[in-house]
Every structure is written in C-alpha cells, then in structure tokens.
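Hey, can you piece these two chains together into the complex? The hints should help.
In the order they appear, the protein sequences are chains P and L. For the first sequence, this note's numbering gives the first residue as 1, with consecutive numbering after it. For the second sequence, this note's numbering gives the first residue as 1001, with consecutive numbering after it.
It is worth saying that the hints were derived from the structure and are not from the lab. On a predicted model such as this, the values are computed, not experimentally measured, just so you know. A virtual CB, placed ideally from N, CA and C, is assigned to each residue, including glycine. Treat each hint with caution, since some may be false.
[What the hints assert, rightly or not] Straight-line alpha carbon distances no greater than 20 angstroms define the calculated SDA-like cross-link-like pairs of lysine to any residue that follow:
(1) P:285 to L:1241
(2) P:285 to L:1549
(3) P:235 to P:167
(4) P:285 to L:1551
(5) P:338 to L:1552
(6) P:338 to P:349
(7) P:303 to P:282
(8) L:1272 to L:1511
(9) P:285 to L:1552
(10) L:1449 to L:1547
(11) P:209 to L:1339
(12) P:292 to L:1552
(13) P:285 to L:1244
(14) P:303 to P:434
(15) P:338 to P:294
(16) P:303 to L:1552
(17) P:292 to L:1551
(18) P:420 to L:1499
(19) P:285 to L:1242
(20) P:285 to P:333
(21) L:1449 to L:1292
(22) P:209 to L:1338
(23) P:420 to L:1335
(24) P:209 to L:1498
(25) P:420 to L:1498
(26) L:1541 to L:1491
(27) P:209 to L:1335
(28) P:292 to L:1550
(29) P:338 to P:297
(30) P:285 to L:1550
(31) P:285 to L:1243
(32) P:209 to L:1337
[Said to hold, decoys possible] To spell it out: a stretch of chain P is covered by chain L in this simulated footprint if at least three of its residues, at any positions, have a beta carbon under 8 angstroms from a beta carbon of chain L; those stretches are:
(33) 383-395
(34) 427-434
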Amino acid sequence: MTASGHRIRSLYERMESGRPVMTREQLIALAQRVLHVSTLSGVIVRVHHTVRAVTRLANDHVLSSDDGEILYVQVETSTGGPPSPIFQVFTNQIDDETVSAALRQCEDLLRASQVFLADNGMKHMPRYQDAPAPVRLWHDATVDAMTSSRQTMIPQILQTVQAAGLQAAGFVAIMARAEAAVSKEGGVTFFHDETDSEVTVSARDLARKGAGWSGQTARDWRTIDVPAVASRAVKIAKDSVNPVAVEPGRRTAILTPTAVAQLLRHFAEQWSAVNTDAGLTALSKSPAGGNKLRQRIFDRRLKMTSDPADPDGGYRPYMMQDVVASPPMTWVEDGVLKNLAYDTWYAMERGKQYADLPFSFRLSGGTTPIDEMITKCQDGIFVNAFSNVEVVDRRTCLLTGATRDGCFLVRDGKISKSVKNFRFLTSPFFFLNNIEAMGVPERAAFGYTPVGEREQWWSMFSNDWPRLPLIVPPLMVRDFNFNMLADAV
Amino acid sequence: MPALNRRDFLAHVSVAVAGAALGGRNVFAQRTAITSATAVLPPISLLPEPMTPASLRAFAAHALNAARGAGAVHADVRVCEQIRMRVDGGDAAIIGQFSLSPAFSYGIRVAVGGATAFVHGVTPSADAVAAAARNAVATARGYAAFGEGRTVWTPGPAVSGEWTTPIQLDPFMVPLGDHAALLSSLFMAATRVRNVGSDLPSATVNWTRETRVYASTSGSQVTQTFYQYEPEIFEFKAGYPMIEGRIAFRPVPARSGGYECLTAPDLQDRIKQQADDAARLLTLPHRPLDVGRYPMVVDGTMVGSLAARTLGRALEGDRVLGYEIGASGGSYLAPPEDVMGTDIASHLLTMTAGRPAPSITAAKWDDDGTETREIPLISNGRLVNYLASRQMATALRGSTRSADALPGLPGCVTAPDGDNIPLIRTPHLAIAPSPSSATLDDLCRGVKKGVLLLYKGYVSTDNTVASGFVLYPGALLEIDRGTVVRRLRGNGVQFATRRVWQALGALGDATTLAQNAGKMDKGQPSQFGAYSSSAPAALFKEVDVINTEIQI
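In isolation and in its complexed conformation, chain L is listed as follows (with noise of 0.2 angstroms):
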C-alpha cells in the first residue's frame, strides 16, 4: 500500500484500521534518524505535514452539508487543527522536557424546531464528521418535544475570508536548541539577581499554532490562523528557597504573537529590572497587619486581574440572562433592565471590550462568525453594554428601558477548541488610564495606612461574583504615610465588588499601564477561557484587610 501523508488523507476518505471504531490510517510513516543534531532542527520537522486549510474547509463544508440533509434549518461548525509546542529551557546537554502535541477536532451546533444540539468529534474523516452532524440534528429533534419553539442561536449574516495573527517569526521554525538556549537566559536574567529563584529549574512555555475554520448554513467561512505564547511556568521568587515571605511575579503575560514574543532586546533588562524591584522588597520586615477596612493600592496586572474576573465575568450575557445558573452562577449585574444605563463604578472608571492583537485574545472573528470590534462597556462609571452574543443581544435590547440601548458585539463567543461549545467570554479588557501625571508613587503618597498589591494575583469570587477574594498576590505590602514599610505576613483581601469598584479613588497615568492575560472556566462540562487585560494602577479607597494566619 503506497504511503500517505496527512495531506492526501481526505483524498483517500476515511481509511480505518482494521477492528478500530474510529477511522484512522494504517500506514507507517518513515523513521527520521535519531541523532544529536535533533537540536538544530526547528519543531515543524518533527511532526507529520499538516492539513491545509483547503482540507479543513471541506471537512467544514461536509458537515453542513450532512445537517442540511438531515433537516437542520441552521448549522454551524469548528474545524481547528492545532498544534501546541512545551518547551522547557534547559541544561546544554539536554533540550529539556520538549513536546508537540498536534490536534484536530470539530464542534457542529445545528438547530432543528427551536431546539439545538452540539456534537463534536476527534476523527479527520468526512464520513465521521457527516454522521455527527446528523447526530446532532436527530438530537435536536428530540429536544424540540420539549421545548416551547425558543432558539436560543441562530448563525449570522455570511461573513468570509482569512487571518492570521500578525507575527515576525514562526515558533515551530526556531531550532529547538534555540527556544532552549533564549528560556535558559531569559530564566537566568531573573536568577542571576541574589535571593531570587523559581521552585523549578527552568521556565517553560507553551506555543500554538491553530488553523481553525468556521462555517455555517447562512454562508459563512472563515479561516483563521493563530499564534500564541503563554507561560507555563515563568514564575519567579524573590526570597527563594524560603517560602514565607517571598515575593512572586511573572514577568512575561500571555498573549498572542510569534517567536519575537520572547526576542524583544530589552525583555532581559526589563526581567532584570523586576527582579531586582522584587529583591529590594525582601528587606522589608514582614509582620501581620491589623483586620480592618483600609485603602488598597494596586498595580495595573492586579487591576487587570480585578477587572476581569469581577467586571468582565459580571457582563457576560449568558450569566446576566440566566443560562449559566447552575454552572458556573449568575451575576450582580442583573437583571439588565435595572443595571443597564446606571452607575456600576466610580465615574474614574472607562472601560472597552475587544480582541486586538497582540493580546491572547486577538482574532478577526468569533466563534459565532462576528466579526470583532473594540466596544464600550462602561463609561466614567456608568453601564453601557453587556458582552453578548447575537441572541443575548437581542434579548438584552429587550430587557432595557432605551431603545437606543443598543448592545455593541464585541466578537466574544469563543471556544478553546473544536470539541468544546462556544460561549461568550471575556474577551481583553482595556481600562482608560488617569489623563493627569499619576505613578504608582503617587496613589501610595496620598495613603496614610494602608495596603499595596503587586504582580498578577487571583481573585475568587462567588457563584455571582458580588464578593471576592484576592489569592496569591504577588506581593502583599503595607502604606505607612505614604511609604511602603512591610510585607505582610498572614493577611487576605476580601471586597463586596460592587463597593470596591464605587470606591476606586485615583487611577495612575499611562506609565503604570500593564498587560495581564490569564483563564477563567465555565460552561459545565467546565472549560477554560483566555482573557487579557491592559490596565492603570488604581487606588481603591477600602477593602476589608483579614487574618489568614492560622495555627493547626
């Protein structure tokens, strides 16, 4: 039997491995030998060709057109193949842990009698993907019995055409001794700075590359290639190897882009820089601060953090609307008609929605086929749209007292892959700094006590995200007429969010802006989102400062 690459797989439909329920090929590609110049070779060597988009297409165009023929009155589909790349930097005789993990997979959504369903699949063959999308609509069939005629989607207007993130140089065409050999010194860069460390011996990091195509039945293809970076583990601490005490940041966020996401000239200094600001930290006493209610002073990744996961999650339609009760909750922001068109935060607070590159979020279209657009969402603290999807939206137009109230579409509809349902999400916040002089120096001179948090931390909120807690903040640090004199030991912060962000007191300049990227889960089978931030440091006028110090 002559051999096949993946390229010439959809010619040959649907070979399957004698036995096996799933298709697959049963044809042994060609060993490369093994030899120690495996370090010069880039990583796309080591893999098997890819599928082009042309196949991804087809198999797009196939399950539409199965749902079609099975009765859908609307359909959409995901294709993506992706490949992610680990990298670890590592010692010269060794690349360190390396992976490519490649994979292909496909979501079909149809809609049958006001009832949809979704189906999503592994297999990279047009018969399986024509089948699950006849499951799908057998499925929805079922679903109409129950149902009141509602259809919660609908595809939109036919949108075409392709992009790719803007990048300078492909990740999977760097030598892999060459993606070490930058970690190991971007690593060092933070470890050459006394008492700083990292709990592993090395940074490691994660590319993808994903081609993914959406279809639908209203004529709509679109092809996108994505390039990202995310960091893994790239987290250092100053106060290393103890662990009480320590301060930690992270000093390269998530975000989209290519190898020069790691190549700009100065990041070493910049890494350097932190590490040493983190450093000069460690000389501080560390003692407990006194419970009680204080002002809080933040930098721009941990109001980043803040925005998302309080603000940001808060706007997601489907929470506003109800559907993610029993998942992942509802919001405080609710219900639309009483919210829309009030004061949520302070008037220092202005806030847009998008998914500009460079941030992790960046893309031309959404997963619903909108096409993306930075939009407004609150404005000098007042509530002016909600992230929606088409339907959300129109349910939303309906819920507030102004016709005019429009709300914009952000493109926020998302899935992290094929086989997972898309959702809105919070896309990257952008946050409109202070327009006068104002670093983060001066929001702690203005604080007689208080505290400051600094680098990215974590904030838990509860199943409607009217309370928080901030988990693992970088550093913890307290104001003492406006100087920073401790870090502390024991201490927490927690808010009731719709008082914290009314007490937002002073923002800082576009010298304190910074990026953030991370993830947050919902949706239940539960799935992960990215979301990204560029955000002014901020003070915020009271939290309530509490005792985590416990004996056991």
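The following block holds chain P by itself, in its conformation from the complex (with noise of 0.2 angstroms):
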C-alpha cells in the first residue's frame, strides 16, 4: 500500500487480470504529461510497455523463468527533414523528474541545431500525417497463457522428449505490449498493443549425436500446439543419430521456413532506397548508383508484401523512425522489383510512398508441401535449420553461417541419412532466382537467433523479441553452397 493509498499491483496481478500493460489511456496521459510542459513544437513522445513470461528448460529441467516488464520513454526532438539529428533520449523511469529532465535535454539540443539550421538556409519539413487504421493484434488468450500455461506446456515438453529416451531443453516465452506516440506539433496520437509468444523444443541423442529442433509462433496462444513442436523435435532427433560426413559442395537444398526465414532476416535493410541509390545494396543497379526498380530479381513465382494487417503475423501500424502510418507495401511482384523503403523526407524528396524497412513481411508464390519436394529431389540436403547467419557483405547480401539440429541427405525422393553440419556461402540474391519448388508460407518460429554484428544498428527493429513476424514458404533450391564441414552437434 503506498502513502496515498494507492495499491500497486504486483506484475503477476496484473497478468492475471487480463491486461499487465498500460492501457491506451495510461499510456498517453503519461506522454501528454511530458509534452504539456514542452514549450516547442517538433516533440514527440513514445512510451513502450512490454511484459512478458518466459520459462527456459534444460537438461530435462525447469532452468527458470525470466519474467517481467521492460518500459521506455523516448523523448525526441527534430526539426523533420534532412540533415537535422534527430535528438532522443531513452529511459526507463517515468517519474517527472526524469522525464522532464530527458524534455530538456532534446530541446536545449534542438534550439542550438535550429539556429545552426536556419543559419545554413535549412528548412522544416513536416512529418506527421493522420493516426493508422489500428491492427487487431492483441489476444486475451495470449495473456491468460502467461499464467496458465506453465502447467500443462511443461510437462508436455518434458513427457514427449523423455518418453523416446531423449535429453529435453526448451523455450517457451509469451509477451504483451504496449506503446503509444504523441507528437505536439501535429496533435497526433497513435496507439498500439499486441501480443506474441514462441514455443521451441530442441531433443538431443547424446550417446549417438542425434539432435533435433522445433518451433512455433503466434500471436494468438490458442493456435499453438505444443505436443505437436515437441514430437517434431524428438521425431528430427531420432532420425539424426549418427550422422556421416558427406562431401561439402553445391548441392539442392530443402529449406523448411525457419531455415528460410532465419537466411532472410538480413533482407530488410537491402530494401533501403537511400543506401540502394547510393550504390551500397544488392538492389542498386551498381557500385556507383542507381537502382533496380521494375527490372526482375527473383523467380518469376515470388511475391513479397508487408501489411500490418497480416492475418499470420502483422506489426505495428506506424513507422518507427516518424510518427506516420505505415502503409501496407508490395515490394516484389512476379519476381520484379517493385518498391524500395524510402524515409519520410527521402520520399517527398523523390516524389514516393513512404515506407518502413521490410523487417516483417510475407513470401509467396507456391503450394508445394515439403514432403513433395523430398519426392522431386534425386540428390540434396534437407536442412531444418540455420545457426548463426551473417552477412559477409552488404552489397550481395552474401551470407555464412552453419546448419543446425536436424540435417539430412535426400536420395531419390527419400530422405536417405543422417549427415554432419555444413558451413554455407550463399546470398537470397542467388537462391531466390533457383527456385525448384515452394510451399505454402507460414509464420517461421526463429528459435534463438542472436543479433549480428550488422544487425546492431537495427537491433531496435529486428532483434526485439519475438522477432518481427517472417510469413515464408518452404523452399526447394538448386545450387546452394555448402562450403565446408561443420562439426557441431
């Protein structure tokens, strides 16, 4: 009970209660409460909430859990057109001493570059435009399930590994948030909350090398099936023990969709239009500029889009970087290039559509279930999943990394044997446009997947977990590179 009176609700209260996050109304009476002392204009307020429940399983055990809230405000100030910083600061307290000190700061900052802006014949160029169409991405099921499911989900794990005499180690985290913008300038409010969660089961054969892996993610916790992730893993487990080395090289490859979305992760920022103009992509028609748009860059089948909306994964509404809708895109369309992600001011600049980098997005073109590819395959390599995938470089979008947990030569229409890991050297660039076959796209559980020495930069949009859905097919390539033996268990 605190001095006033007011009980505060433990975190798990709050769970409990159907909504362990800020509503929409606390959310913005706290920016308000910020910008209401604010005396210029070009503020705006951010403030993310999240919570989530997590619960790590090792060695056949409970490890622990790891729950709790992580919050935000960020403070930013800006004139809105290039080349103004753009001035935030973050904090995690939302005590009026604290906030109005981080206000400060972004305006005492903003006054000095206006005065160097308007010294250098720089003007203002507006950023704000009407609030997004909200997104239904919160589940109340979701939530119950930070509470409820602990007792059903972790002995399912544990029951179906152990019962085929395997070693159990697991994943299993649930997440609601969130978050809201004020701008003073524009009067604009945007709001947005959701819920996600991810189930992933990973089944060793320690005697025999056997390792298996499984996943699965949702936003709505009711389509989740753990015994089915579970018997998955142990089912790839069993089928791995004893793995044999087989000669690296260029080979087909049977990518299940985490495979492919853990190759395309590193997609979003080739989608840049000012790095692609600049010459620095894989899209940029050259080293010295210049892009690709309306010329073909992949398999005539793909098609990539993003909408918030997305029935299997969706996102936030609005634009990270600017407080502005963020519109549904279609990048690619029969294979050709139709849109790049341009930056507010860079799009009224050059006359385009606005657009966030395609952190999220869905990849289409094809029906073909995975067990049809094995039966078309005479010689390839089934790979359930990647570890560890970087790009070697930017303009090629060049990838290494090793396969994990499960993979598997294909002979003649059947999967033939265990084999040993591979290193790989490949680019989306290359396998995307060496298309045999492609399936129905799902959500790809990601599994762990660190955040890469590139990716540090976009950590903010690509690494907060859960990753930002990836919806893509399985994929059955020709010529994928797999340079070198690995031998990783």
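As structure tokens, then:
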C-alpha cells in the first residue's frame, strides 16, 4: 500500500487481470504529461511497455523463469528534415523529474540545432500525418497463457521428449506490449498493443549425436500446439542419430520455413532506398548508384509484401522513425522489384511513397508441400534450421552460417541418412533465383537468433523479441553452396 | 504537495501516479533555464539526483525479506541504477547528438523446492520489488512440481564490501562542450590524414556509470560502481569514400575507466599513426587471392577476437554442460570428462581469464557474489579450467578424471543490467606473448605465401563453436615471400576451430600486445555481455581462404 493509499498491483496480478501492460489511456496520459511542459514544436514522446513470461528448460528440467517488464520513454525532437539530427533520450523511469530532464536535454539541443540550420538555410519539413487504422494483434488468450500455460506445457514438453529416451531443452515465451506515440506539433496520437508467443523444443540423443529442433510462434496462443512441436523435435532427433560426413559442395537444398526465415532476416536493410540509390545494396544498379526498380530480381513466381494487418503476423501500423502510418507495401511481384523503402524525408524529396524497412514480410508464390519436394529430389540436403547466419557482404547480401538440429541427405526421392552439419555461403539473390519448388508460407519460429554484428544497428527493430513476423514458405532451391563441414551437433 | 527529489523517494514509499498500474512520482521538477551556457554544464547537472547506494541496498533488503517471507530457500537480487551518456564530437555551433539516459532495474532470483525462478522489473518502489520477489517464489513453487529436486543455483558464502572502478576524472562531471571538443579533435587526428575518413561526420562514444548492489539470503551485500567507456561509432576507413578496398580501423577499444580513457597525451598521435599506417596500405594493389589453404598472420586485436569467440565462448561451463542447448548452443570442448587435461591447442598457447581493471569487464565481485580473480584456462596448450559458476564448478568437478582438477572461479557470472538473468560470460582473456623477440614483421617474414589480418574483425561461429568465419576484418592482405604485397578483394577466411588453434605456429612478443573488447550474445531472450582481451600477434599455419566475390 502506498502513502496515498493507492495499491500497486504485482506483475502477476496484472497478468491475471488480463491487462498486464498499460492501457491506451494510461500511455497517452503519460506521454501528454511530458508534452505539457514542452514549449517547443517538433517534440514526440513515445512510451513502450512490454511484459513477458519466459520459461527456459535445459537438461531435462526447468532452468528458470525470466518474467518481468520492460518500459521505456523516448523523448524525441527534430526539425523533421535532413540533415537535421534527431535528438532522442531514453529512460525507463516515469517520474516527472526524470522525464522532464529528458525533455529539457532534447529541447536544448533542438534549439541549438535550429540556430545552426537557420544559419545554413535549411528548412523545416513536416513529419506528421493522420493516425493509421488500428490492427488487431492483441489476443486475451495469450495473456491468459502467461499464468495458465506453465502447468500444462512444461510436462507436455518434458514427457514427450523423455518418453523417447532423449534429453529435453526448450523455451516458451509469451509477451504483451503496448506503445503510444504522441506528437506535439501534429496533435497526433498513435496507440498500438499486441501479444505474441513462441515455443521451441530441442531434443538430443547425446550418445548417438542426434539433435532435433522444432518451434512455433503465433500471436494467438490458442493456435500453438505444444505437443506437436515437441513431437516434431523428437522425430528429427531420432532420425538424425549417427550422422555421417558428406562431401561439401553445391547441392539442391530443401529448406524449412524456419531455415528460410533465418536466411532472410537480414533482408530488410537491402530495401533501404537511400543506400540502394547510393550503390550500397544488392538492389543497386551498380556500385556507382541507381536502383533496380521495375527489373526482375527473383523467380517469377515470387511475391513479397508487408502488411501491418497480415492475418498470420502483422506489426505496429506506424513507422518507427516518424509518427506516420505504415502503409501496406508490395515489394516484389512476379519477381519484379516494385518498391523500395523510402524514409519520409527522402520520399518527399523523390515523390515516392514512404515506408518502413521490411522487417516483417510475407513471401509467397507456391503450394508444394515439403514431402513432395523430397519426393522430387534426386540428390540434395534437407535443412531443418541454420545457426548464426551473418552477412559477409552487404552489397551482395552474401551470407554465411551453419546448419543445425537436423540435416539430412535426400536421395532418389527419400530421406537417406543423417549428415554432419555444414557451413554455407550464399545470397538470397542467388537462391531466390534458383527455386525448384515453393510451399505455402507460414509464420516461422526463429528460435535462438542472436543479434549479428551488423544487426546491432537495427536491433531496436529487428531483434526486439519476439522477432517481427516473417511469413515464408519452405523452399527447394538448386546449387546451394554448402562449402565446408562443421563438426557441430 | 511538496516537491520530492529522488533521494526522498524511498522515504515516501511508492507514491503512485493516479490511474497508472506502475509506481512513479507526480510532482513536476523545476525546469532550468535553457541558455547557450548549456555547453559549459557538466552532464550530471542535467539529471535528477541519483539514488544513493543506501537506497539501492534498502531495495535489495526489501526484496530478500519478501522472498524469505514467501518461503524462498535461497534468494539473491541485483539492483542497478545506471546512467548512459552518448556523446558526438560536433560542430562548434551545436553540441552534436548528445543524450543522457537514466535507467533503474532489478532482478530477483529465488530457489524453492529445487526449482529456480527469476523476476525482474523497473519500478523503483519497495512494494513493487517485494511483489516481484513473491511472484518469483510462486513461480519457483510451480516449477518444483515438475522438477526432480535439482537446484542449479544457490548463493555462495557471504561477501560484503564496496568497490568503484578506479578513475581519475568522472566523465559526468566534464562539461559537455569539452566532451564534444575532445571527440572532434580525436576524430580529426585520423581524418586529417589523406584518404582517411569515416562513414559518419563524427565519432560517437558511450559513457556508462552504474551503481549495482548484489545481495543474497546467505548474507552477501556488495555495492559496486562501474565507470565504462564504449566507442559506439569510432571507426575510420582508409580509402574513404570508396567502398571497395578500404581499410577499417578502430583506434580505441572499450574499457573501464573515467574521462582519462580519452585524454592520454599520446592518444591523438597514436590515432594519427594508425591512420598513417592504414593509409599506406592503400598504395597496395587490390586483387583476389586464389582459394586454398594458407598460413595466416594476425595482429593482437584480431587474436583477441578469435580467442574470445572460439575459445572463451567454448569454455563457458553452461555451454559445456548443455544448459545453452536450444539457445546459443553447446561447445566443441565437451564433454569435460574427455577434454579436461588434454591438449586443445598448440603448446605455444597459454591463456588466463579474469576481470582486471582497466578491462571493460573489471569488477571486484560478479553477479553471483564471487570475488573475481585471474585463473589459468589453457597452459601450454593444455586445458586446465573451464569458465564456471559455483554450481557449474560442482558439475564440472564431478565430470573430470582427476579429483585435483578443481575448476577455478574467475567470477565471470554477469548480467548486463538488473533485469537480465546472470549468465557465465567470457571475461578478460590474456594470452601470454612469446618471450623471444618477434614483431609482426618477423611473423610475416617467415611466410612464403599467406594472408595477414589487421585491426579488429568479428568471428562468426556455428552453434558449438566448432567452425568459424572471419567477418569484416579491418584489413585482409596478402603476404608473398615475407612481404605484404596486396590488399585482398573478394576473399574470406574460414576455419575449423580445433584445427586452427592446434596450428598456432608462432606468437609475437610483448611489443605486439594489443587490447581488444567487444560483446557476445547469449541466453534466451538473448542478452549481450562484454568481453575483452590482451593478446599478441600470431601466426597460424593454415586456414582456408575462400572466394566471397559473387555476381548477382
């Protein structure tokens, strides 16, 4: 009980109440408290509040929970156009003194930069537009699962894996998030809330070097099938025992949606219009600059889209960098590059539609099930998942990494044997032009996906767990470069 | 209502903002006048008063009392107040991008019935901390129903005391204008050299000051104040603004310390020297090397990066014992009963682990309450220790052949802040240089045809660290008959980890020692932990040089 008689509810009480994060009214009230004392225009206050419930399992038992909340208040000031810097201050404390201090910092710097910009003849550019249509990414069932799921899903995982004589590890994470952005100048208010969840299971046969992994991720917990996830991990682990070494080289690869998602998680930065026009990405016409808009860049069947209201994923409906609605975008259609991601200021300069980088997207164009891909494959490698996928060269999106948790030789239309893991070297701009077959897209579980060295720059958007949805199909591609054996289990 | 500063906050427990679910304060502070004199203000003046260590200790005590009261058998807590300052070197007319980000966090770990739970939060109120502790106990009780009574963690023997990073000058007391001017001058020390530039118009650095209290139900209570410096963007490119063929170097690694990290009298000269050296390399032609196996010479910064990512990481006890399976992965240096006491590298390699100042990892106690110390990891190529926590040490001890092979504890269990669960992390690794004279040039001189890696790069490995790929080396060069003759284009270096360390052919002497620092990810959800190294240059007898140039 507080001095004023106001009772603070615990984290679990809030979970059980069905609303563990701040409501729209609370977030906006908090943001407006800060704006109220600001005398300048060009101020945006964002508040993000996340609550998560995490269980980790390892070596056949529960390792620990990792429950808690993450809060940050971001005060931002800017004149809105290039080369104006954006002054941002983050804090996770919402007392008036701290947030006022954050505001003062930003305002001091904005005043100083306005003098600089005025002296240099630079003009202000407006940044704010109407609020976007809300998207429904909140599911009460997911919030319920924060407290109710542990007593069922933990034994489901442990018993399924142990019954097969294997060792269990796993990760179950459930999240609720609410965020709001309020701008002083435009009087615009954005609010968004969402839930998300991910279950991953690893099963190992230590004696016979078998390892299997499976995962599922969904915003609505009711669609998560924990026994199925555990059973799939068990099957892969049992099939993967006693792996043999196979000569590295270019082979046909059959990739699960998780494997495809892990390869494509670095895709977003390729779509930066600024970098592309400067000759810095694989979508550049040449190192000297220009872009490949309206050119065919992938297999003709491929379509790549982003939509905040995607039924299998979805994401916040406003752009991170500016307080504007994030429009649905078609990036690629019939294999042709249709759009790049223009910042608001660059879009205004070029007369283009602005859009966020495609950290979340859907890749579609086929319906072939994985079993049929295997049947059609005379000689190839089935890859369940990759680990540590990193960008070698941004200009070509050349990637390296290694397979893990289930890698099999496919011969004459059948899984032939378990093989030792490989390192690989490839680019999506290769393998998406070498598609033999494509399946139905689904939201892929990422499992453990560390922030890569280059990704740290984008980590606020791309690594904020859970990762933004990638809805991708299984693929069968030719000439995938497995370039070295990796003796990893 | 009287104005409350944050010092008084705990005295008026949990004043809640009406309607908000979280604790907070509802009194507006007085605004300071905004004047052009801001530049002469020290950063600390722009912030509310920090909480006192006594306040943080009070929070910790409150959490432990609540945990005990709820039935915890063991409990520990980390309470952290942190200020992070991000500074750009800027134009004289503006300060540049500058921000001060205060943060408060805590994490409570409890053990009940053989199960462990961890709950974290950010609300600086005694009630919230106590509620979090009770929540953790409730969760652990629930988990205990599924376990076999195994407890992975228990607090260690009681420790108490205080420690502060040794500093000469608090960076938060230095006027903002001075920060910007210093960074500008360091930036220009490099960019004044012909053909040297940067992708961004200035350097950006982060300073962190954190007070962290660790306390446990076994009676521990330690208070540490850390000062750390981290270059966020402090990289230069010789060959700028070209993209192809340029040489990247980062002259100042992250470390612990105060403002003196950047005010050493010879620092500008050292930066200029690096810039000159890198610019000289631009005169070399730029061509690919045929793929194949070649000897590789590596400078100290790159050896440190290799060591941390392929040895340190593989020696983390939780990876070795399978606790990171499904997360960051396992280790090729497992199982311990087969690997401990065997030769895992060339006899030339002797490596220790610890957390000395001024490395970025410096501390007196870790986040398990273990006092930090230097321990041997590899002696003349032989594995003699893993990086262990107390609980992992027990499991590793049981796995080894020899009863004498008791894993030493360097105190390497850390969490990046209060609301992350502590994990075993690679700390500061020190590789002993060659006692005989051997410069980098000497190492190259013995190479008929090979490659030279300079300046810090990044090593990507697979999930058991059994193989690796060198990413973004500052410079990748060709050695031909003992002389550096070309910058390499379209080539990469990959290796099998065990083989590359067994192929260590020579080490540089003490004059080649270089400091390095970086971050590695771990855990799920993943968290970053800092590592650092001190390592000499080295010659590896063979690595795979591959082609990375593709046409799309």
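### Query
Does the structure keep residue 285 of chain P and residue 1552 of chain L at a Cα separation of 20 angstroms or less?
Given pair residue 285 of chain P, residue 1552 of chain L holds - Cα atoms ~11 angstroms apart, limit 20 angstroms.
### Query
Holds or violated: are the alpha carbons of residue 292 of chain P and residue 1551 of chain L at most 20 angstroms from each other?
holds, 15 angstroms
### Query
Taking only the CA atoms, is the gap from residue 420 of chain P to residue 1498 of chain L under or equal to 20 angstroms?
holds, 16 angstroms
### Query
Keeping to a limit of 20 angstroms between CA atoms, is the pair of residue 235 of chain P and residue 167 of chain P held or broken?
holds, 13 angstroms
### Query
Keeping to a limit of 20 angstroms between CA atoms, is the pair of residue 420 of chain P and residue 1499 of chain L held or broken?
The given pair, whose Cα atoms are some 17 angstroms apart, holds under the 20 angstroms limit.
### Query
Do three or more residues from the stretch 383-395 of chain P put their C-beta atoms closer than 8 angstroms to C-beta atoms of chain L?
Contact hint for the stretch 383-395 of chain P vs chain L: holds, 7 residues under 8 angstroms.
### Query
If you draw a straight line from the CA of residue 420 of chain P to the CA of residue 1335 of chain L, is it 20 angstroms or shorter?
holds, 18 angstroms
### Query
Would the pair residue 1541 of chain L and residue 1491 of chain L pass a check requiring their Cα atoms to be no farther apart than 20 angstroms?
Distance ~18 angstroms between residue 1541 of chain L and residue 1491 of chain L Cα, so the pair holds.
### Query
Given the hint that residue 303 of chain P pairs with residue 282 of chain P, does the C-alpha gap stay at or below 20 angstroms?
holds, 18 angstroms
### Holds or violated: residue 209 of chain P to residue 1335 of chain L, with C-alpha atoms at most 20 angstroms apart
With Cα atoms ~12 angstroms apart, residue 209 of chain P and residue 1335 of chain L stay inside 20 angstroms; holds.
### Query
Does the alpha-carbon distance linking residue 285 of chain P and residue 333 of chain P stay inside the 20 angstroms limit?
holds, 19 angstroms
### Message
What's the verdict on residue 292 of chain P and residue 1552 of chain L, does the C-alpha distance respect the 20 angstroms limit or exceed it?
### Response
This hinted pair holds, its Cα atoms lying about 12 angstroms apart.
Taken one by one, the earlier hints all hold for this structure without exception.
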